[in-house]
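Q: As you go down the protein sequences, you meet chains A and B in turn. Offset between the first sequence (1-based) and my numbering: plus 22. Offset between the second sequence (1-based) and my numbering: plus 72.
The set of hints was computed from the structure by calculation and includes no laboratory data. Note that the coordinates shown come from a computational prediction; the quantities given were computed from them, not determined experimentally. The C-beta atom is built at its ideal place from N, Cα and C for all residues, glycine as well. Hints are supplied without guarantee of correctness; some may be wrong.
[As the list claims (entries may be wrong)] Derived DSSO-like pairs (lysine-lysine); straight-line CA-CA distance at most 27 Å: (1) A:Lys354 / A:Lys301; (2) A:Lys111 / B:Lys245; (3) A:Lys178 / A:Lys472; (4) B:Lys245 / B:Lys269; (5) B:Lys269 / A:Lys111; (6) B:Lys245 / A:Lys138; (7) A:Lys301 / A:Lys535; (8) A:Lys138 / B:Lys250; (9) A:Lys342 / A:Lys540; (10) A:Lys354 / A:Lys268; (11) A:Lys111 / B:Lys250; (12) B:Lys339 / B:Lys74; (13) A:Lys472 / A:Lys429; (14) A:Lys271 / A:Lys540; (15) A:Lys342 / A:Lys250; (16) B:Lys269 / B:Lys164; (17) A:Lys178 / A:Lys440; (18) B:Lys269 / A:Lys138.
[What the hints assert, rightly or not] Computed footprint of chain B on chain A, listed as stretches where at least three residues anywhere in the stretch have a Cβ under 8 Å from a Cβ of chain B: (19) 160–170; (20) 560–573.
[Said to hold, decoys possible] The following label-pair restraints were derived from C-beta to C-beta distances: (21) A:Ala701 / B:Arg251: 16 to 26 Å; (22) A:Ala701 / B:Asn206: 18 to 28 Å; (23) B:Phe125 / A:Leu589: 54 to 64 Å; (24) A:Arg494 / B:Gly340: 57 to 67 Å; (25) B:Asn206 / A:Ala712: 58 to 68 Å; (26) B:Ile133 / A:Pro113: 18 to 28 Å; (27) A:Ala712 / B:Gly124: 49 to 59 Å.
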Amino acid sequence: MAGLMERPSGNLAPSESAVTSEGLATQQAAESQALEQLLSTRSPQRPQRTPTFYVEIDGKQLEAFEGQTILEVCRANGIEVPTLCYDPKLPGFGACRMCVVDVEGCDAPLISCSAKAEPATVIATQTDRLREIRRTNLELIFSDHNAYCLPPCQNKCPSHIDIPGFLKANAESQFRESARIFKRTIPFPSILGRVCPAPCEDHCRRDEVDEAIAIRDSHRYAGDQVLKSMWDENIDPPLPFELQPKTGKRVAVIGSGPAGASAAFYLLVAGHDVTIFEKDPEPGGMLRYGIPQYRLPKIEVLDGEYQSITRLGGRFECGKMLGRDFTTADLKAQGYDAVIVAIGCYDTNDLGIPGEEAEGVIDGLDYLHTAALGLEYPNHEGSRVVVVGGGYTSMDCARTSIRLGAKEVTLVYRRDMKDMPAADEVHEMIEEGARAIFQAGPTRVIVDEKNRVTGLEFIRMQLGAPDASGRRRPEPAPGTEFIIECDRILKAIGQGPDMTWATIGADGVSATKNGRLKADAVTFQTGRDGVFGCGDVRNGATTVVASIADGRRCAYAADAYLQGLDLGEIRNRQTLAEPQPEFLSIVPFTGETKEPRLRLKALHADERKHDYIQYEIPYSKAEVMAESTRCLQCTCEAIGFCDLRRLGIEYGTTLKTLEKDHQNGAGFRSITENRWTGANHDYVRDDSHAFILREPSRCIDCGRCANVCAEVVGAACYDFMRTGFDTLVTTPLDMSLNESPCVSCGRCAETCPTGALMPKPRLLTKYEVDESRCILCGICVDACPYDALRSGFDFELAHTDRSEPMIDLIALAKIERTSEATFIRGESNWENTVAGRRHDPARALPVLPSNLRGK
Amino acid sequence: MKQIAAPKGWAQLLLTPPATPWAALRSVLAAGPAATMQTLIDAGLRGRGGGGFLTGEKWRITATSDAEVKYAVANGYESDPAVFTNRLLLEKNAQAVVEGLAAAALAVGAREAFIAVRAEYTEAIRALEAIVHNAERDGVLGANVLGSGRELYMSVRPLQGSSMIGEETVLLKALAGKRGQPEQTPPYPSTVGYLGKPTVVNNVATLAAVTWIISNGAAAFKQIGDPAEPGTALVQISGSLTNAGVMEVPTGTPLAEIAAAAGGPAKGATIKALLIGGPSGGFVPANLLASTPYSGGGLATVGAHIGSGALLAIDQSVAIPELAAMLTRWCADEACGKTIPCRIGTRRLAEIGQRFVDGLAGPQDVQKLHALAADVADSALCAHERLTPSPLLTGMRYFEREFVPAGVAAEKSGAVVGRSE
Ligand SMILES: Cc1cc2nc3c(=O)[nH]c(=O)nc-3n(C[C@H](O)[C@H](O)[C@H](O)COP(=O)(O)O)c2cc1C
Ligand code: SF4
Ligand code: SF4
Ligand code: SF4
Ligand code: SF4
Ligand code: FES
């Protein structure tokens, strides 16, 4: 720069006429003046660095250059201002109105992507009012955003499995890959394929066409293929992620049930050394001692699946009980770097009625435990059994009683059948010969003179006011008592954890007021450093899938802890990785042909009711492929890359929100909370072009594609079409890009902030390059917008394959995105954390596992 | 489209052609740009296109720019439906508009000027083209304006399309053959306008007033109408008044007087309110008509604006929510679709309004409407979205009783007395 501005010396313009020295001097002065002018007019470069001045943004004095927009000053200084329509390659466009900022002295907010920074102005980027405006804008967008970030099935799966992902692999008969995708979020596809209540299926969108996909049965098939090759050919099960080198850290997991096993599995993959302590003689917890054999074969399936832990070097120490044989403090003393408490719920709740201590009133769990050990329960054969409760335990008690030869089995539940957690098993139980009575609660146990049970008195329940869960609370209807004669009463009205151990040498570890282990919902930390809690002991009795999900998340947190990372960050990461967006589903699906669900065949009730054999007949290969093909693949390709979704999360609009008020910072807001729902558009997906996938229903009309295509590429394929509410950025007459001047550069897909324009997922998994015919022209390298092809030293071509599934939440959670890491913070305390919004890459923490975390 | 004769004593400046054509232009050439702009500032002339910015000041911004190429544009697009004041002006007094535009171009240093007119206004286009053609032939315009050595080429540009083209940044893009969507301001056209060059854009009535001021002096103009915004305005009178048409009204005239000058209520009608400012205008209830002057400042206090100059008299047979929802929906449909608050927000406003009409409004809809209107206004790109909520907002302000949530039948009859505030 200095050289450029230096004034050239010497005689520049040869003068023709002879002049006096005085004249020469004036002439030279005039010339240099002219030169000066020439220099400054001929090269009208905008001054690069000068002049500078200062503006105050969010309380900080920041240097700005003349001509910079407020947004540019913010970006240059790491202050995040949300934008949707701004493309750094182009001047501010002003369509999304998200970049509003307050400038002192202006009555209305300014649009920072267009407004120039002025000297000495005082700017605020995050006031309540600005956030309100941005939120309104986002809500308006979502009110006309006919799309799904994640498929509803995946939302509803407590562990958020990539359901369309594994179904797709199934449909292509890639069962090992299918199981691998499954194992990214749940290590045990075969176990869950048998015992999961499949909440995902209740929300499957295929239901709008004909019937929900048989999601559970489909992963069961894939998991079973893996188990089969393990048993028959000793092939290790697939690992969801690359196995990490040993870290040398030791983790003790207490409890080998679903939560503990899942935590152990993911910690092993992350390279930690894991020992699992189990109070019973064999590992598995409720999977082994609660769930009956006919639902979950203990050897082929349970032991088989648990080998994925032992094969990774996990050790089980059975017969060791927390509180009896050791304490958490002992474990720490033995050099364990972290302890995970996952001891489940084993204390059956009392009925709280007179006569409960009578002989013949049995704890349902004890009963199942004995049955699972293969022991006869004394005198059960020929007895009359009443089971009280409506959960999975009660169902297992009833159905096991039938298998143990009970003469008469009656299940009584105080609410209606539709309120039963295990409602879908009721018809099978009735088929097997049990009776079910709903809306009746026990009032007293009838005993004979030896205090043996002879019957149980019930009272009819009527529905009262709805409780916190939204279900109407049952209330006794006076005068409706009735008695069921019986010899045995199985109590199965829910379980709580045994927390007596918490007092023994477990300083800092405490119980909640309903008697559960107190541990954070996201970081899983208990009151004691390095001690984590997950599964039923933390949540109360839930489902296997919920416990496994809890275990996995707990493993992430423990892994972060072992790496010495800030657990506060984990909260944000996890919320990002596992969002629960709720969008309108208004797509009519008229084009889909109806192909009803393939149901699993089952043995007839007469054949199965005396036996513990598995009664469902699994799918054949052709069946599972056909079933998986029915999946509509309701998923947005942009998830993880979508600015709209990211802002939706930050501003708590429509999506899962980080607001404190919403369930401890991990709550979610539903579509009904969007104030502006109204008419909306449903556009047709256009996949006619070979590289660009257009999904106009996801378009937010930011105009970026139109501007980039016109101003940067020069093709001008898109523009704003139609007017008013129906405006859409699209091609003229909505024609295919094939008919437009598109040069397939992909710039539009690159700039699109949402999933409206996407690089098209290819059906091929890999491109084959016929190198014998390649003349190394390099055109492909130049043309490829995604750097998939690169030139090496000798200008070789390298090809890559796409073995990773499109939707890879964990990998996404890992991607170091300046914005994602810095945007997410508690809604209410943003004011105090202005500094926290400055991006510091060191603070951008990955979740797990570390192989996905660039070194 | 007929003209309504104004009562005696009301100054009439705009619709009569200047006595000596080109006299004003000669004065401008003689006085020079600085003095001309000072005259306009002294006269206090404000834009008639809706913005109400001081015309002299606006010119000065463009004049002081050191860009080599500048433009001057007359905005005769007249975007609001059923308003013909500019058409009447152009048909009756194109001379004053052309002269005013020439004055603007010479004052700011533009060598090219455009008159943007609605393509349907064929008679006006013919009149304008004749004047421009003859002026070029006679050496009044062209390479040597009246022998002054200055260059000025003028052309008439018929435009057709959405109502948004009336907005100046859209107008300039339409003239350049680009997508008809507003640009973020600032920068205003006076610094970055047509083809990115400084451009002065004025409404045709503003330019006609310029010609009058130059011919008659700033002091004479200043005496007409409201001293804060002197002059006259062309008002399009329609609805339940005896006479309909265009009337030239001195600014500051009370609304009641204007209604009386238009012959008062039509036979059998009782005026319930006036809708001032077109589809995005505000309702002024009957009880405020005497106290509200027809001026930018006066109308702002009651939530209305001069806008296109439309004045619609509404009688007791009209249900305010129905009319307001219909107007909002019209505005929403006319939106260019560029910004989120405009494309979706104005539509949602219309939907909420419609819920009141259909008797489906929820208890929170009043509050929702206010919240959305405020958010839309605060993040608005152009005046269209900022003003679109006006009919609903003023309707709710003065005819609260007609906006009833679901279950209660809307009050449709009887002159509803507005709440004065
Ligand atoms: C939606 C919208 C429509 C407009 N329509 C017109 C119009 O039809 N005629 C007009 O002169 N100005 C119209 N304007 C105002 C112009 O943007 C601009 O302010 C005006 O042409 C400037 O001229 P003035 O300074 O003489 O008022 C409109 C503004 C908006 C926001
Ligand atoms: S475009 Fe973004 S917000 Fe919309 S469905 Fe896709 S990921 Fe979700
Ligand atoms: S169709 Fe497929 S992706 Fe969609 S909800 Fe059902 S299983 Fe999930
Ligand atoms: S891929 Fe086609 S439509 Fe997209 S920016 Fe490139 S030329 Fe335009
Ligand atoms: S398709 Fe174009 S206008 Fe629509 S969201 Fe993507 S970039 Fe924006
Ligand atoms: S309006 Fe500024 S980024 Fe969209």
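Q: Can you tell me whether the CB distance of A:Ala701 to B:Asn206 sits inside 18 to 28 Å?
A: With Cβ atoms ~53 Å apart, the hint is violated.
Q: CA of A:Lys111 to CA of B:Lys250, is that 27 Å or under?
A: It holds: about 20 Å lies between the C-alpha atoms, which stays within 27 Å.
Q: Assess, step by step, whether the Cα of B:Lys269 is no farther than 27 Å from the Cα of A:Lys111, and give holds or violated.
A: Between B:Lys269 and A:Lys111 the Cα gap is close to 22 Å, so the pair holds against 27 Å.
Q: Starting from the hint 57 to 67 Å, judge whether the C-beta atoms of A:Arg494 and B:Gly340 obey it.
A: Once the Cβ atoms are compared, 59 Å apart, the range 57 to 67 Å for B:Gly340 and A:Arg494 holds.
Q: Holds or violated: are the alpha carbons of A:Lys354 and A:Lys301 at most 27 Å from each other?
A: Given pair A:Lys354, A:Lys301 holds - Cα atoms ~19 Å apart, limit 27 Å.
Q: Between the alpha carbons of B:Lys339 and B:Lys74, is the straight-line distance 27 Å or under?
A: holds, 20 Å
Q: Does A:Lys472 sit within 27 Å of A:Lys178, going by the straight-line distance between their CA atoms?
A: violated, 50 Å
Q: Holds or violated: 54 to 64 Å for the Cβ distance of B:Phe125 and A:Leu589?
A: Check passed, 57 Å falls within 54 to 64 Å.
Q: If you draw a straight line from the CA of A:Lys178 to the CA of A:Lys440, is it 27 Å or shorter?
A: Given that 27 Å is the threshold and the Cα spacing comes to 18 Å, the pair holds.
Q: Per the hint of 58 to 68 Å, is the separation of the Cβ atoms of B:Asn206 and A:Ala712 within bounds?
A: holds, 60 Å
Q: Does B:Lys164 lie within 27 Å of B:Lys269 when you go C-alpha to C-alpha?
A: Roughly 32 Å between the alpha carbons, so the hint for B:Lys269 and B:Lys164 is violated.
Q: With 18 to 28 Å as the target window, see if B:Ile133 and A:Pro113 comply at their CB atoms.
A: Distance hint for B:Ile133, A:Pro113 holds at roughly 21 Å.
Consistency note: the structure conflicts with the earlier hints numbered 3, 15, 16, 20, 22.
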